[in-house]
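Use these hints to put chain C with the ligands onto chain Z, whose structure you have.
Number of protein chains: 2
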Amino acid sequence: MALQSFVEVKPDSHFPIQNLPYGVFKLGPGLPARPGVAIGEYVLDLSEISKAGLFDGPILKNSDCFLQPNLNKFLAMGRPAWKEARATLQKLLSATEATLRDNENIRQKSLVPMGKVEMLLPMEIGDYTDFFSSMHHAKNCGTIFRGPQNPIPANWFHLPIAYHGRASSVLISGTDIVRPRGQGSPSGNSPPSFGPSQKLDFELEMAAVIGPGNELGKPIDVNEAADHIFGVVLMNDWSARDIQAWEYVPLGPFLGKSFGTTISPWIVTFDALQPFACDAPKQDPPPLPYLAEKISKNYDISLEVQIKPAGREDSCVVTRSNFKNLYWTLTQQLAHHTINGCNLRPGDLLGTGTISGPEPYSLGCLLELTWNGQKPLQLNGLTRKFLEDGDEVIFTGCCKGNSYNVGFGTCSGKIVPSPH
Amino acid sequence: MALQSFVEVKPDSHFPIQNLPYGVFKLGPGLPARPGVAIGEYVLDLSEISKAGLFDGPILKNSDCFLQPNLNKFLAMGRPAWKEARATLQKLLSATEATLRDNENIRQKSLVPMGKVEMLLPMEIGDYTDFFSSMHHAKNCGTIFRGPQNPIPANWFHLPIAYHGRASSVLISGTDIVRPRGQGSPSGNSPPSFGPSQKLDFELEMAAVIGPGNELGKPIDVNEAADHIFGVVLMNDWSARDIQAWEYVPLGPFLGKSFGTTISPWIVTFDALQPFACDAPKQDPPPLPYLAEKISKNYDISLEVQIKPAGREDSCVVTRSNFKNLYWTLTQQLAHHTINGCNLRPGDLLGTGTISGPEPYSLGCLLELTWNGQKPLQLNGLTRKFLEDGDEVIFTGCCKGNSYNVGFGTCSGKIVPSPH
Ligand SMILES: [Ca+2]
Ligand SMILES: [Ca+2]
Ligand SMILES: [Mg+2]
Ligand SMILES: [Mg+2]
Ligand code: NI
Numbered sequence: 091m092a093l094q095s096f097v098e099v100k101p102d103s104h105f106p107i108q109n110l111p112y113g114v115f116k117l118g119p120g121l122p123a124r125p126g127v128a129i130g131e132y133v134l135d136l137s138e139i140s141k142a143g144l145f146d147g148p149i150l151k152n153s154d155c156f157l158q159p160n161l162n163k164f165l166a167m168g169r170p171a172w173k174e175a176r177a178t179l180q181k182l183l184s185a186t187e188a189t190l191r192d193n194e195n196i197r198q199k200s201l202v203p204m205g206k207v208e209m210l211l212p213m214e215i216g217d218y219t220d221f222f223s224s225m226h227h228a229k230n231c232g233t234i235f236r237g238p239q240n241p242i243p244a245n246w247f248h249l250p251i252a253y254h255g256r257a258s259s260v261l262i263s264g265t266d267i268v269r270p271r272g273q274g275s276p277s278g279n280s281p282p283s284f285g286p287s288q289k290l291d292f293e294l295e296m297a298a299v300i301g302p303g304n305e306l307g308k309p310i311d312v313n314e315a316a317d318h319i320f321g322v323v324l325m326n327d328w329s330a331r332d333i334q335a336w337e338y339v340p341l342g343p344f345l346g347k348s349f350g351t352t353i354s355p356w357i358v359t360f361d362a363l364q365p366f367a368c369d370a371p372k373q374d375p376p377p378l379p380y381l382a383e384k385i386s387k388n389y390d391i392s393l394e395v396q397i398k399p400a401g402r403e404d405s406c407v408v409t410r411s412n413f414k415n416l417y418w419t420l421t422q423q424l425a426h427h428t429i430n431g432c433n434l435r436p437g438d439l440l441g442t443g444t445i446s447g448p449e450p451y452s453l454g455c456l457l458e459l460t461w462n463g464q465k466p467l468q469l470n471g472l473t474r475k476f477l478e479d480g481d482e483v484i485f486t487g488c489c490k491g492n493s494y495n496v497g498f499g500t501c502s503g504k505i506v507p508s509p510h
Numbered sequence: 091m092a093l094q095s096f097v098e099v100k101p102d103s104h105f106p107i108q109n110l111p112y113g114v115f116k117l118g119p120g121l122p123a124r125p126g127v128a129i130g131e132y133v134l135d136l137s138e139i140s141k142a143g144l145f146d147g148p149i150l151k152n153s154d155c156f157l158q159p160n161l162n163k164f165l166a167m168g169r170p171a172w173k174e175a176r177a178t179l180q181k182l183l184s185a186t187e188a189t190l191r192d193n194e195n196i197r198q199k200s201l202v203p204m205g206k207v208e209m210l211l212p213m214e215i216g217d218y219t220d221f222f223s224s225m226h227h228a229k230n231c232g233t234i235f236r237g238p239q240n241p242i243p244a245n246w247f248h249l250p251i252a253y254h255g256r257a258s259s260v261l262i263s264g265t266d267i268v269r270p271r272g273q274g275s276p277s278g279n280s281p282p283s284f285g286p287s288q289k290l291d292f293e294l295e296m297a298a299v300i301g302p303g304n305e306l307g308k309p310i311d312v313n314e315a316a317d318h319i320f321g322v323v324l325m326n327d328w329s330a331r332d333i334q335a336w337e338y339v340p341l342g343p344f345l346g347k348s349f350g351t352t353i354s355p356w357i358v359t360f361d362a363l364q365p366f367a368c369d370a371p372k373q374d375p376p377p378l379p380y381l382a383e384k385i386s387k388n389y390d391i392s393l394e395v396q397i398k399p400a401g402r403e404d405s406c407v408v409t410r411s412n413f414k415n416l417y418w419t420l421t422q423q424l425a426h427h428t429i430n431g432c433n434l435r436p437g438d439l440l441g442t443g444t445i446s447g448p449e450p451y452s453l454g455c456l457l458e459l460t461w462n463g464q465k466p467l468q469l470n471g472l473t474r475k476f477l478e479d480g481d482e483v484i485f486t487g488c489c490k491g492n493s494y495n496v497g498f499g500t501c502s503g504k505i506v507p508s509p510h
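As they're listed, the protein sequences go chains Z and C.
If you count the first sequence from 1, position 13 lands on 103 in our numbering, and the numbers rise without skipping.
If you count the second sequence from 1, position 354 lands on 444 in our numbering, and the numbers rise without skipping.
The following block holds chain Z by itself, in its conformation from the complex (with noise of 0.2 Å):
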């Protein structure tokens, strides 16, 4: 039988025992920032648990990682102190120990329902990087964007192709987004168009936390690239079509994306992950020597994209996809990344791209899903193009085992009308 915590776990819960993702949180304004972990529906505090004495293991019995109001100061300790965390909250947490279970004080201040703290971002963000690694996306943009002929670029099957994203913009899943203004494409001889973007979509996506970096100058080894990474998150990285459209040549997308870029509170560990493991797909033609991994690894983790449209209450699911549907893996996107000696920081954000897969039900934004708003959406009885101010987007990820799941709750965010 699965391990079992004290704590109760209803049996679609994202956040059993063998979860434990990392998030921070207050209990309220004014109140500090504490990094936690989550539980059924509780939120164990971990300053708690660490003024409690309760992290006895070596490397964090004297630690003040958990005292910090981010995760940045855990991200760059790696994998062994993230191992051993594991191991002392999954013992702490266990129905059959009795150290948190039976002792009430501490019981009480270190575990906190839901519904009674405010998730916060749980890293500072020195730099967001975002990749394009799903060839179903490329091949949809490229065919919308460029025409049908050879709408994958020539580069597209050697290297995992990235862009730097804005990092002051990288919010916390609930945070409303501002539809952006900017400049469309002139139509004839008339001046560029401006004011509210017209196609503002949603990208699913998923994100890889950077753990330890990498000294400037000094690659990572593609089959080292997973002791850099500390866990995942959902994404959204909220695109306006028109801006992006008129400024991205040459030197890619800017204004068109900086607006805001939405991720789920709960960063879900690598650990967690392992046992959702799956094969990569194979790579043709094969990718050079510093991106061919010993053993290349992707997840089985089922997406969900839903809108609830601007005044109802019910939302509609409008697409399903897959994170196994990337063809880079996060190992590769990491070793490609640092390739050229760039450093890497605790606590950086490398985006996958878009998670679309081959079928018409799995593609991860609005300028797919509508070709490029040519095919409205129907969402029981309304319809879409692109988002209209009040529509909310709710991405759920889940890793669905025999007895339990290993879930990513929610990333959700609502539009909100341009300033005048």
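Hints are computed from structural coordinates only; laboratory data are not their basis.
Just so you know, not all the hints are guaranteed correct.
Which copy is meant is left open, because identical chains are indistinguishable; a pair holds if it fits in one copy or across any two.
[Said to hold, decoys possible] Under the rule of at most 27 Å between Cα atoms (straight-line distance), these lysine-lysine pairs were calculated in the DSS-like manner:
hint: 1; residue 1: 504; residue 2: 308
hint: 2; residue 1: 504; residue 2: 163
hint: 3; residue 1: 398; residue 2: 308
hint: 4; residue 1: 387; residue 2: 141
Bear in mind that the values here come from a model prediction, so they are computed numbers and not experimental data.
Okay, now just chain C with the ligands, sitting in the frame of chain Z:
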């Protein structure tokens, strides 16, 4: 007669009392980082001036902004604090003021010879953005990368094009640059090339350092943008042209740039630059209203690039350009950056893009100077298509007035071989 300091300042110095650029220094390994201003051949230690109670204006009197290891807190305070600091420091350093001049104790503690300090990055950089604001550079690069038909993209005259660069690898002048490795374009049916870059280049740029930022969703008006700019530095956006050419379609430059970006240690304040303001170029077509400035200013800053080839004692001037060659102004860049609601933060770095002028001697990178290696440069009997290991690149910048200069010092870096 111009204001004089009691500290000796040679006539050709970059750092007279009219300049007073800000930096951060330490006195040796393990010693604390402290803010300072440059005066002649000395650094004035602002932590000592602060501890001595000599910042006696209403804003700075009780502030600990100069007791920080970087300038971010001072940057966030905005122009009223900057003006008060400048007035206080010009008074304290003037030849006719006894307070510091005649107090040997404080003078000894606070005035440190430049030769005794190590300069550090002056601020924590949350995000680094690079623009593309010289028309000559855009035209030359477009011609080299995409051919002579329409070398300047259609959007270029309507918006200041930019992309996000890598903040983690922004380096202080004097740091060695490790030659990056990476993929280059395949020839024929071969796989892509891989190895140390064969087309390593510099890019002559300057960059604005942001003071107070803006809230997410609240754009900065172009006519108020100057209040968000603290000052300007020299910047070398090192570029690997072979890596860049293969990777940059469709998401822009990534590994071709992210291995290192060097800035000069002294931030020349916007206030010190004002005597050197000049008209910005006439813009045709006229910019959209959000980019139309009541007063549109450039700055007359002479720029020079020298290469000191590996193993040689002498350096050769390879470029003479000027900041006023830019088409888009710093304030237009900033207004464009935020028009979609993107939030800037104190310490953000906004590069101008390579500052090339119309003359053959004013081209800001080797890509243009050697026309992608087709016309090698002559350097005192040596030739260079691109940079070789051991080559040092040195930028200088200076505003030349009638009775004094306002200079930027130098921004330099030496190429060291790739790891293997
Ligand atoms: Ca994306
Ligand atoms: Ca550049
Ligand atoms: Mg985004
Ligand atoms: Mg650079
Ligand atoms: Ni060796």
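Structure versus earlier hints, numbers of those that do not hold, lowest first: The structure breaks hints 2, 4; every other hint is satisfied.
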